[in-house]
Amino acid sequence: MAARTKGKSSFVKQAAILASAGMLVRFLGFVYRLPLTNMLGDEGNGIYGMGYYIYTFLLILSSAGLPAAISKLVSERLALRQYRNAHRVFQTSLIVSASLGTIFAILMALTARQTAALVKTPDSYYCILSLCPTLIIVAIMSVYRGYFQGMNTMVPTAISQIVEQIFNAFFSVYLAYIFLGMFIPEGETENIALGAAGGTMGTGIGALAGLVIVFISYMMIRPYLLRRAKICRQPYEETRTELVKRLMGTAWPIIVGTAVFSMTNLIDIGMVMRILTASGYSETEATVLYGQLSGKYVTLTTLPVAISSSIATAVLPSIAASNRLGERKQVNRKMNLTMRISMIISVPAAVGIGVLGPQIIAMLFPKASDGGVLLTVGAISIIFLALCQTATGILQGIGHIRIPVVGALLGAVMKVILNAILIPIPALNIIGAVLSTTGCYLVASTFDVYMLSRITKVRFDFKRILLKPILGSIVMGIAALGVYFGLYHFVPSNTLCTLVAIVLAIVVYGLIMLIIGGIQEEDLQSIPMGGRLIRLSKKLHLM
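Take the sequence shown: its letters are residues 0 to 542, numbered as in numbering that gives the first Met the number 0.
These aren't lab readings, by the way, just hints derived from the structure by calculation.
Some hints could be false.
[Claimed, not checked] Think about it this way: if two alpha-carbon atoms lie no more than 25 Å apart in a straight line, the pair counts; the simulated BS3-like pairs of lysine-lysine are:
# : residue 1 : residue 2
1 : K229      : K71
2 : K71       : K244
3 : K328      : K456
4 : K328      : K462
5 : K537      : K462
[Claimed, not checked] Here are the computed distance ranges between Cβ atoms for each label pair:
# : residue 1 : residue 2 : range
6 : I177      : Y449      : 13 to 23 Å
7 : I183      : L33       : 21 to 31 Å
8 : S452      : V415      : 26 to 36 Å
9 : Q519      : P222      : 41 to 51 Å
By construction, the Cβ of each residue, glycine as well, lies at the ideal position given by its N, Cα and C atoms.
Can you make the complete structure from the sequences, with help from the hints?
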């Protein structure tokens, strides 16, 4: 019993380490996009986004499900003390993943020019081409990460993710800066297409740095792993053919599910440029509008969701364990807690970004300050995306992998329909894509939450999950606007007023939520540094 408790505690601790690293990585990814966006401008960001989203989709097809599949197969064999079979899973996965990565990289390189022409952005050719080697690097790195995860050792993966993002951030900005000044076309002041390609090269360099970290970590323990595999006694030696079948059989539902979830970006790549150019916009004008969508709206709205999902993810292993043990009350409590944490972060983020959208854009992107209206109109999608991702994580954790895929497909259909209706309207243009994204996640999240409740018989306390965060966020939003415009009247500095408004908004939201019981001790215990916040709240008699 004590061993089981210790193992569960270790599992949750390792998941929390990975979640914390994920939060830091997302934050670093957001930070480096600021100078990159300012350097490239909206047109350059449109070119960058086209190339990057095409790469992301092929990356999903080549290696998205492999880390989870490898982790599952390795952990199962280690639990049975089949150490030789566990290491054979790793070796076989390395061959499969490297082969798939190479095939997709060659395919991406051979079709780069045609793909760029197909999405009505010929200048994205260089971005697509520069990302091809990254497919191979990430495919190999994913095997090492999956192997470590299967051994319940998240530290090498966490360190490699952080190192990867640091190298990515530095070289993306540095190479974009260098390439902007190379081979400048006649009549232009900079080479935007090459600058965008330089920005994407940082992704490959970062991935290579991450691969070096996990490779060194593996080599440090390799003698022990080989020695353990050599002396172990196991009843059955699995062949590589059997392992390939099991690996792909485990990975394909995850690959399909992840690919479907990434379809919103792919749909926009396929539809936005075509509809805008058919509506009378030039390719450059359409690329500028798409750059506002991909470089600003997507970047700013996905950050709070990434943070909330990272925190909520730390609770998911515990939900899966309670579900396997048939602990219905614990499942109910933990699912409500996970949803509540997600909404406590996502709802105020949506309101804050919505009411201060233009001001935030002007502060973060002073050299490319258009696109604030996209945040004002589409910030609500943060709530639906967070609900969708949290419900998806729980469903996958308890073994219902296909349901989120159906939800994502329903959302994708809604997005296609709304894109076709809204984007051609002259008064909307790119705003139509933002509204269609909101509709997409509304449909997907509603379906996923409904199916989750139906399958698990869990009753969600929406008063605490949604109503209290909405109430606290409304007060916060009013306070933020009042402070911004009140202060701006005396100190006409957008950056200063926006920062003061954001800081005060966070304080107001936290106080209101503590007063109305929207945040309780259990919620704070589930987040990093929660213990300190609990002690501070009790000292101030807020809890």
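Cross-check of the supplied hints:
1. K229 with K71: With Cα atoms ~22 Å apart, K229 and K71 stay inside 25 Å; holds.
2. K71 with K244: Since the Cα atoms of K71 and K244 sit roughly 14 Å apart, the hinted pair holds (cutoff 25 Å).
3. K328 with K456: holds (11 Å)
4. K328 with K462: holds (19 Å)
5. K537 with K462: Within the cut-off at roughly 24 Å; holds.
6. I177 with Y449: 13 to 23 Å: The hint (13 to 23 Å, Cβ to Cβ) is violated, given that I177 and Y449 are roughly 51 Å apart.
7. I183 with L33: 21 to 31 Å: holds (24 Å)
8. S452 with V415: 26 to 36 Å: Given a distance of about 27 Å, which is inside 26 to 36 Å, the answer is holds.
9. Q519 with P222: 41 to 51 Å: holds (49 Å)
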